[in-house]
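Got chain A; can you put chain B on it based on the hints?
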Amino acid sequence: MSTLSVIYTLWLRQVKRYLRSRARIIGSLGQPLLFLVALGFGFGPIYQRAGGGDYMQFLAPGVIAMGILFTAVFSGIEIIWDRQFGFLKETLVAPVSRFHIMIGRTLGGATVASLQGVIVFMIAIIAGFRPAHYIMLPLALIFVFLIAILFTALGTAIASVLEDMQGFQLTMNFLVMPLFFLSGALFPLDGLPTAMIRVAQIDPLSYGVDGIRGTLVGGAHFGLAVDFLVLSMITALFLALGSYLFSKIQI
Amino acid sequence: MGKIIDVHDLVRDFGEFTAVNDISFSVARGEIFAFLGPNGAGKTTTIKMLTTLLTPTSGKIRLNDHDPVTEQNKVRRSFGIVFQDPSLDDELTAYENMQFHGMLYRVPSKIRKERIKELLTFVELWDRRDSLVKQFSGGMKRRLEIARGLVHHPKILFLDEPTLGLDPQTRNRIWSYIKDLNQKEKMTVFFTTHYMEEASRVANRIAIIDKGTIIAEGSPKKLKEQTNTSSLEDAFLALTSQAIREESSGSIDHMRMARKMWKR
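Going down the list, the sequences are from chains A and B.
In terms of this note's numbering, the first sequence opens at residue 2 and continues consecutively.
In terms of this note's numbering, the second sequence opens at residue 30 and continues consecutively.
Just chain A, with the same shape it has in the complex (with noise of 0.2 angstroms):
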């Protein structure tokens, strides 16, 4: 009872904080929207030409994943700016567990990006994306909270042994750059330089964006089974190394 008190609190902070920076929740929709509006109109009609279809409702998924990804680890990530002058320093004084902050603060981090993923679902409706079943929505929710979690993780991971904010762009540019463009968000991964192929493989937003556009439009490739299991698995890893990671932190 007590330690679901401590989790809720910190997931609570997490939420409160969010709600109240329309700033932000405006800002990160700057992003999704231009790639949705660019990509979408812009590659449709040749995308509509290669036999491929309606491009935005090849797209969306991707970008959904896409506006989870961002949040998610930003929300990891924010735990250098609270290290040192926030409220982490606050709470690593108080008598609760390392383990149950780092939880809790996941959870508040992933049900943030989990309700950025949502907003930018609505977008992609007003874009003109239709999801081929709606009863599917509860499944694709399931998916999106697990890249959330995963994600906030791997954001802890990295902001605990991160001294400061310099390495923030380096993060940035050469992890979740590139765990972005190369996850099948944008193209679809038949066909594709078997280099490539592999790439997508170990990348675990691949197996995010496929579980999402599965549920959402159908047509998995690797199928929701797959991408589940290693979601989860991967999830679970992270969270494992987020909370040795934080356990470790000195301030």
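It is possible that part of the hints are untrue.
[As the list claims (entries may be wrong)] Straight-line C-alpha distance at most 27 angstroms; calculated DSSO-like pairs for lysine-lysine:
#: 1; chain 1: B; residue 1: 163; chain 2: A; residue 2: 17
#: 2; chain 1: A; residue 1: 249; chain 2: B; residue 2: 103
#: 3; chain 1: A; residue 1: 90; chain 2: B; residue 2: 89
#: 4; chain 1: A; residue 1: 90; chain 2: B; residue 2: 170
#: 5; chain 1: A; residue 1: 90; chain 2: B; residue 2: 208
#: 6; chain 1: B; residue 1: 163; chain 2: A; residue 2: 90
#: 7; chain 1: B; residue 1: 184; chain 2: A; residue 2: 90
#: 8; chain 1: B; residue 1: 32; chain 2: B; residue 2: 240
[Claimed, not checked] Label-pair ranges, simulated between beta-carbon atoms:
#: 9; chain 1: B; residue 1: 142; chain 2: A; residue 2: 224; range: 48 to 56 angstroms
#: 10; chain 1: B; residue 1: 254; chain 2: A; residue 2: 242; range: 52 to 60 angstroms
#: 11; chain 1: A; residue 1: 127; chain 2: B; residue 2: 138; range: 41 to 49 angstroms
#: 12; chain 1: B; residue 1: 87; chain 2: A; residue 2: 167; range: 33 to 41 angstroms
#: 13; chain 1: A; residue 1: 21; chain 2: B; residue 2: 267; range: 49 to 57 angstroms
#: 14; chain 1: B; residue 1: 147; chain 2: A; residue 2: 98; range: 25 to 33 angstroms
#: 15; chain 1: A; residue 1: 179; chain 2: B; residue 2: 143; range: 47 to 55 angstroms
#: 16; chain 1: B; residue 1: 193; chain 2: A; residue 2: 173; range: 32 to 40 angstroms
#: 17; chain 1: B; residue 1: 194; chain 2: A; residue 2: 134; range: 53 to 61 angstroms
#: 18; chain 1: A; residue 1: 9; chain 2: B; residue 2: 147; range: 19 to 27 angstroms
#: 19; chain 1: A; residue 1: 202; chain 2: B; residue 2: 147; range: 56 to 64 angstroms
#: 20; chain 1: B; residue 1: 215; chain 2: A; residue 2: 98; range: 24 to 32 angstroms
#: 21; chain 1: A; residue 1: 227; chain 2: B; residue 2: 87; range: 51 to 59 angstroms
If you are wondering where the hints come from, they were derived from the structure by calculation, not from laboratory data.
Glycine included, C-beta positions come from ideal geometry on N, C-alpha and C.
Chain B alone, transformed into the frame defined by chain A:
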């Protein structure tokens, strides 16, 4: 009365560098104790070890009859702390900061509400309880931090340079709260400061640390007599020598600067 803090042969190394070199001291229950020293003397490192944030390389600490290394949670429940850097959540209101603290320390809801009201009223922030902390001035933030550190009824309050960068009015007010708490709640206070006249006015007893070693200890009066000086500042300078201390500028300092720039 008994000792609430008891430290024996405490050492902390960082690689080659010894930040705290074999110090021993104790603080009596109900005492106001000042821990003074130039920059880089080992003050903050000592506080971190007392408050479970850092494990000692060797030596023994008892805090409220518990060991910070093996009984972390019991020690953590015993103290409240105001850090050198602000540790409030700017995006939350004053009340929420207090509330979260109470929830983390598992103060039952009913007691928590009463205690928060009592403390916010005490530091004269009750009327501003629903304002976001980012709208507060430096002095208001400090007052809130002090109030927050007290929500769980600690036996000891640690204050690491609580009046740094505040105007004389605010500093005065903060010390009058602290003396009040010390008298009313019989709370032990352990603080550091660079303002010597504050220390000599408020503290019952003072320890001076330099280069990781305690070089003098006693009442302000005793320290002045010992060095044959008329003010604590002169006594401090006589004891620690006047060379200016080099402090390495670590990543924390860079972040401090970056943060100031980011926040206009």
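| query | Within 27 angstroms, alpha carbon to alpha carbon, are residue 163/B and residue 17/A? | reply | Between residue 163/B and residue 17/A the Cα gap is close to 15 angstroms, so the pair holds against 27 angstroms.
| Range agreement (Cβ of residue 242/A with Cβ of residue 254/B, hint 52 to 60 angstroms) | holds, 58 angstroms
| query | Has the given pair, residue 32/B with residue 240/B, been kept, meaning a C-alpha gap of at most 27 angstroms? | reply | OK: residue 32/B and residue 240/B at ~25 angstroms, within 27 angstroms.
| Do the Cβ positions of residue 193/B and residue 173/A conform to the proposed distance bound of 32 to 40 angstroms? | This hint holds: roughly 35 angstroms between Cβ atoms.
| task | Take the C-beta atom of residue 21/A and the C-beta atom of residue 267/B, compute their distance, and say whether it sits inside 49 to 57 angstroms. | result | holds, 52 angstroms
| Satisfaction of hint between residue 90/A and residue 163/B, Cα-Cα up to 27 angstroms | Roughly 18 angstroms between the alpha carbons, so the hint for residue 163/B and residue 90/A holds.
| said: So if I understand the rule, the pair passes when the alpha-carbon distance is 27 angstroms or less; does residue 249/A with residue 103/B pass? | reply: holds, 21 angstroms
| Pair hint residue 90/A and residue 170/B, alpha-carbon separation not exceeding 27 angstroms | The hint holds at about 16 angstroms.
| Range agreement (Cβ of residue 87/B with Cβ of residue 227/A, hint 51 to 59 angstroms) | holds, 53 angstroms
| query | Taking 27 angstroms as the top limit, are the C-alpha atoms of residue 90/A and residue 208/B close enough? | reply | holds, 26 angstroms
| If you check the beta carbons of residue 215/B and residue 98/A, does the distance land in 24 to 32 angstroms? | holds, 31 angstroms
| task | Could you tell me whether the CB distance from residue 87/B to residue 167/A stays inside 33 to 41 angstroms? | result | holds, 34 angstroms
Of the numbered hints given earlier, the model fails none.
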